[in-house]
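Residue numbers (our numbering), protein chains in the order written: chain A, 380 to 557; chain B, 8 to 924.
Rather than coming from a laboratory, the hints here were simulated on the basis of the structure. Watch out, some of these pointers could steer you wrong.
[As the list claims (entries may be wrong)] With a straight-line Cα cutoff of 30 Å, these simulated DSS-like cross-link-like pairs (lysine-lysine) come out: (1) B:LYS542 / A:LYS552; (2) B:LYS523 / B:LYS542; (3) A:LYS552 / B:LYS825; (4) B:LYS639 / A:LYS536; (5) B:LYS819 / A:LYS536; (6) B:LYS849 / A:LYS552; (7) A:LYS536 / B:LYS825; (8) A:LYS552 / B:LYS557; (9) A:LYS552 / B:LYS548; (10) A:LYS484 / A:LYS440; (11) B:LYS819 / A:LYS552; (12) B:LYS627 / A:LYS438.
[To be verified] Which bits of chain A does chain B cover? Going by a derived footprint, with three or more residues having C-beta under 8 Å, they are: (13) 487 to 496; (14) 543 to 554.
No experiment lies behind these values; they were computed from the predicted model shown. The beta carbon of each residue, even a glycine, is placed where N, CA and C say it ideally should be.
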Amino acid sequence: MATPHWLTSYTELSSTVVKKSTALYPDPPSFNKEIILNTKTKHGKEILGPTPEERDTLKVKKAWEIALSPSKSLPMNAIMSYFSGSSLQIFSLTMTFMLFSNPAKAIANVGPTFVRYESESTFSRILQAKLVFIALQLATIAVGVWKMGSMGVLPTKRSDWLAWENETPVLEKGVFVP
Amino acid sequence: MNVRALSLFLILVTASFVRALFADEAFVVDWHIRSIGSIYSALVSPDSVAVFSESSVLASLDPINGTIRWRHWLDESAVPQHSHLIRLDSSAILLIAATPADASITHIAAWIEDSGYLVWEAYLSGGAPVGVSVAGDVYVLLSGGMVQRLSRRTGSEVWEYSLPEGHYPVDIVASKQSVSVITRKQDKGLGYFIVGAESGELASDNLVVIDKNAAAVPSVAKTEGHGSDIISWTVPGEGGSIKFANLSDTAMSVYTIDPKAPYASFSLTSTSTGIVATLAGLDGRSWAELYSTSGSKLRLVGVTSPTESTIAVGAGKLFEISKGSISRLALGSDGANVESRTEVGLPSSPIEFLTCSSSACLVGFKNGEYVLANITGVTWTRDESIADVVSALFVELEEEGESLSLGEVLFEENAAPLQAYIHRVKRHWNALAGLPQYVVGFFQRFMSGDYDAVPVDPNSTVTDTFGFRKFIVLATTKGGLRALDTAHSGAFAWKVDDVLESDVVVGIVHGDAKDKLYVVGKFGTVAYINALTGKIVTISKIADFGLGDKVESVVTFVDDGVQYISAWTAHGQLHFLNGSSPSKSVYFSKVIDNAVVGYIYKEDRVIPTWRFTLPTSSYKITSFASRDPDDKTVSVGRVLGDRSVLYKYLNPHILAVAAVHEDTKSAAVFLIDDVSGRLLYSSFHDDEVVDTAAGVKLVVGEHWVVYSYWSELATRGEKLVVLDLYESDVRNERWSNAQNFSSFTETPLPFVQDQAYLFPEHITSLAVSRSRFGITNRDIIATLDNAQIAVIPKRLLDARRPINRDPTNEEKEEGLVKYDALVGDDKRFIISHVFNVVGTKKTICNPAYLESTVLVFAYGLDLFFTRITPSQPFDLLSKSFNKGQLLLTIFALMVGVRFTGPMVRRKQLNIRWGTQN
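Required output: the full structure, derived from the provided sequences and hints.
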């Protein structure tokens with residue numbers, strides 16, 4: 380059973396269909412069929428689609444742009460962290476939380492982020508971009524760690540481990556008789 | 008754990024220094040029992056009972072209920088020995104006594120009896136008071152042979168007369184016209200001079216000799232009787248005959264009484280019917296003899312039959328007091344007639360003190376109880392044994408949940424499942440009986456926010472929710488035990504008299520079970536008692552107790568989880584009382600003869616090992632202290648502002664010894680290791696003028712020592728010194744790490760930081776608070792000689808406080824404030840508020856179940872109990888906390904969620920269906 384005409388004309392938008400359809404309906408006014416069907420400029424120059432190499436280069440460039448985007452916010456994060464002080468306030472706490480949560484999310488989503496630019500030929504180059512992207516996110520986390528350190532919540536000092544230090548056992552039993 | 012520690016740390020750091028007792032807590036959390044002590048002399052009248060006690064308290068007791076109407080603690084102006092308390096006139100009483108500082112100075116003062124106001128006072132030099140007599144004005148005879156007449160209204164001297172050389176003053180009897188000064192002289196015997204009352208000069212030069220043979224009589228008794236004053240004496244070697252003379256009798260005839268039986272003591276009184284001799288026999292029985300005098304003849308009128316009672320004469324009336332009754336007797340020619348007799352229940356303890364007026368008798372018993380009894384019965388009873396406490400300790404009560412006994416738990420664990428199930432259902436069914444009460448109590452507590460809203464039954468031995476209710480067991484010098492209930496204003500939970508069967512109590516310590524106590528006597532008697540009921544479980548003598556040996560102190564210690572209870576004797580013996588003695592060596596130390604002596608206990612023997620003597624023999628040890636073995640250490644270091652650590656010097660063997668130098672008026676404090684005898688630290692206060700009589704007060708805390716002394720220089724006041732001991736002055740350096748600590752290895756000496764402060768009042772004793780887990784800050788509790796009790800936060804006594812500059816940010820994080828020499832001038836530090844806590848000698852502390860709260864009990868003459876929260880009550884909701892509002896908010900939120908929930912769901916659904924944009 381042949382496919383009904385209306386179905387093909389509504390579901391497929393290939394040039395063949397367009398071609399076919401021209402026979403049925405007149406073109407709308409001022410529609411230049413030539414431009415659509417023959418890819419030629421009005422100057423007569425043929426518009427050629429990008430070559431696969433160009434397309435890859437473009438993709439890689441785009442990927443690098445994304446990979447380097449965290450570096451733009453990095454100085455701002457660092458400066459804000461520095462100026463928000465070391466006190467435990469809701470603002471600095473939220474900010475510190477963001478410094479960890481956003482990079483973590485970005486790292487977790489690194490695949491979907493770069494999937495648009497990925498192809499077999501660009502794989503290795505995109506991988507480099509990915510690694511740089513991850514490294515920059517880690518740098519943001521490092522800012523967060525530094526911030527936590529400046530807030531004094533990292534167990535880096537002797538006093539942070541004091542609770543695990545015990546009294547020295549005493550060998551002799553001394554009793555004072557009052 | 009870390010979060011909890013952090014939040015706790017924040018609470019502690021932010022807690023302010025201010026710790027006022029709130030007005031609604033006063034009289035609720037604290038109580039105060041006022042005492043007078045053992046009565047030395049008393050004046051009983053229908054309107055008042057004036058007493059002067061062994062503790063130098065002059066007081067007036069209400070004759071109706073026995074409460075103290077007023078009292079004065081005359082510890083600095085009057086000693087009870089040889090004091091006289093007599094009536095000056097109908098409204099005033101007179102107390103004459105030697106001063107404690109100088110026995111040759113006599114203090115005499117007249118007091119209004121109703122109000123206790125001082126009318127006048129005078130200090131007389133010339134010796135201790137020998138006799139006093141009131142005849143309009145006051146006539147005083149001093150031991151230096153001086154007679155003084157003092158104005159009744161002002162106390163100023165009217166005249167003074169000195170006895171001739173060689174005459175020893177005996178007593179004085181005054182009348183409006185003349186004053187008889189009774190003296191004795193080696194060659195003349197007993198006699199008297201007559202001095203003109205107006206002139207103050209001898210009426211005749213001659214000594215009127217009364218008894219030539221009584222030259223060496225040590226004591227002559229004078230009794231001011233209803234009829235006339237008489238003096239009585241006995242001459243040794245005259246067969247127990249009692250001689251007496253009536254001083255108002257111009258002939259001054261000497262009469263001789265030969266009592267009908269041998270006697271231990273006697274007393275003669277002149278009454279309207281004759282001379283009454285009350286005698287106490289050698290067998291403990293008493294009787295009275297009535298004599299009439301006519302001319303030089305003495306006639307025995309009547310005699311009572313000896314009974315096991317005590318007889319006294321009050322205002323011409325004869326009283327007989329026995330265990331079961333009080334009688335007033337009329338003694339006539341036909342023997343003793345009982346005018347009235349009342350059956351009363353009196354303490355079974357022997358009578359030691361008895362003073363009667365015409366209507367009532369004040370009876371003192373050996374157990375320290377005083378009873379005011381009249382012929383209709385006992386009016387009131389006061390227990391004064393608690394004014395003289397040997398030793399006191401807190402006793403934990405049972406917890407409420409403990410109704411499930413160990414036996415029941417074991418039964419349910421081991422029985423067959425069905426049986427165990429039935430048992431448990433039964434148990435729960437029985438527990439349901441208490442449900443209504445619980446529900447009511449819950450709501451009461453909820454509404455009032457007050458955990459005391461549901462009163463604990465005073466007769467139960469169950470503690471309250473937060474462990475505020477405990478018993479305080481006092482061992483008294485009278486040989487009894489008294490248990491005070493902290494939740495019921497110190498009411499007696501139980502009392503035991505003569506617990507050691509006439510042995511003298513030396514100490515009282517906890518037994519190996521928490522509800523058992525050991526009471527140890529000087530002569531080796533040991534009672535093992537139930538601390539909740541006072542029942543004596545066993546009483547025994549220490550086995551192989553040396554002949555003539557005496558127990559000096561009772562020591563309890565825990566080694567390797569085993570508790571040992573031992574008695575240390577004067578012969579240097581150590582007796583273990585609970586059957587177990589340590590198998591490994593234990594090191595003891597004791598202050599003996601102005602030196603600290605170290606001993607090793609090894610193989611059942613105590614061997615002296617070392618001796619720490621003071622730099623020169625002029626130093627006298629006044630006090631010593633070691634750390635409370637129950638004190639807990641939470642952190643081994645102190646965190647500084649830069650989060651580095653100074654490690655605390657936590658040597659459990661630190662013994663602090665304080666000494667004063669009598670000649671140079673200086674003080675010194677030594678910290679020694681009481682196992683090895685090694686000197687750890689010493690400090691000398693040579694450039695000050697220290698009150699050596701008051702000595703040095705000491706307390707040892709976790710890793711610090713606080714001591715205080717009064718000095719006149721450089722600034723007059725109480726100096727409070729803190730020594731903070733650290734392992735090293737280098738931060739983060741800990742040498743005690745990992746290896747075992749031994750006093751015998753050459754460990755570095757502690758790094759000591761010190762600071763001194765000025766306290767505005769005289770401090771009489773120091774103590775340190777102890778919380779349940781040791782997390783809460785510590786307070787120093789100081790009893791002051793102005794009858795108050797103060798707390799000083801240890802955080803304020805911190806040797807790291809910056810001097811002469813504001814603290815840096817790091818120091819602020821440490822909680823340090825700028826050094827201020829004056830500490831404790833804040834009245835909010837006073838925890839005794841309006842109470843006058845007189846004569847406190849010692850303070851003991853005990854933790855409640857709440858970590859924030861410490862129970863404090865001070866004893867001495869008065870008893871005082873309160874609760875303190877050194878870091879604020881951080882684990883307890885305040886009473887003003889609005890529970891209602893909280894509940895309303897939660898309820899409103901619940902209602903809100905109930906209504907908005909469906910709305911939100913509907914809206915989301917509509918958005919999905921696109922019916923709503």
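Now for the hints, and whether the structure bears them out:
1. Between LYS542 of chain B and LYS552 of chain A the alpha-carbon distance is near 33 Å, which puts this suggested pair outside the 30 Å criterion.
2. Restraint check for LYS523 of chain B and LYS542 of chain B: satisfied, since their Cα atoms lie roughly 10 Å apart, inside the 30 Å limit.
3. Proposed proximity of LYS552 of chain A and LYS825 of chain B is contradicted: the alpha carbons are some 40 Å apart, above 30 Å.
4. For the given pair, LYS639 of chain B sits about 25 Å from LYS536 of chain A by alpha-carbon distance, which is consistent with the 30 Å threshold.
5. For a cut-off of 30 Å, the pair hint linking LYS819 of chain B to LYS536 of chain A stands: about 18 Å separates their Cα positions.
6. For a cut-off of 30 Å, the pair hint linking LYS849 of chain B to LYS552 of chain A stands: about 27 Å separates their Cα positions.
7. Distance restraint check for LYS536 of chain A and LYS825 of chain B: the Cα-Cα separation of roughly 26 Å lies within the 30 Å cut-off, and the hinted pair is therefore satisfied.
8. Taken as a hint, the LYS552 of chain A and LYS557 of chain B pair is honoured in the structure, with Cα atoms around 25 Å apart against an allowance of 30 Å.
9. Simply put, LYS552 of chain A and LYS548 of chain B have alpha-carbon atoms about 28 Å apart, close enough for the 30 Å limit, and the pair holds.
10. Note on LYS484 of chain A and LYS440 of chain A: the hinted pairing holds, with a Cα-Cα distance of about 23 Å set against a maximum of 30 Å.
11. Among the hinted pairs, LYS819 of chain B with LYS552 of chain A is inconsistent with the structure: their alpha-carbon atoms are about 39 Å apart, more than 30 Å.
12. At most 30 Å may separate the alpha-carbon atoms for a hinted pair to count; LYS627 of chain B and LYS438 of chain A exceed this at roughly 95 Å.
13. Evaluation of the coverage hint for the region 487 to 496 of chain A: breached, as 0 residues show C-beta separations to chain B shorter than 8 Å, against a requirement of three.
14. With 11 residues carrying a beta carbon less than 8 Å from a beta carbon of chain B, the region 543 to 554 of chain A meets the three-residue requirement, and the given coverage holds.
When held up to the earlier numbered hints, the structure conflicts with 1, 3, 11, 12 and 13 and fits the remainder.
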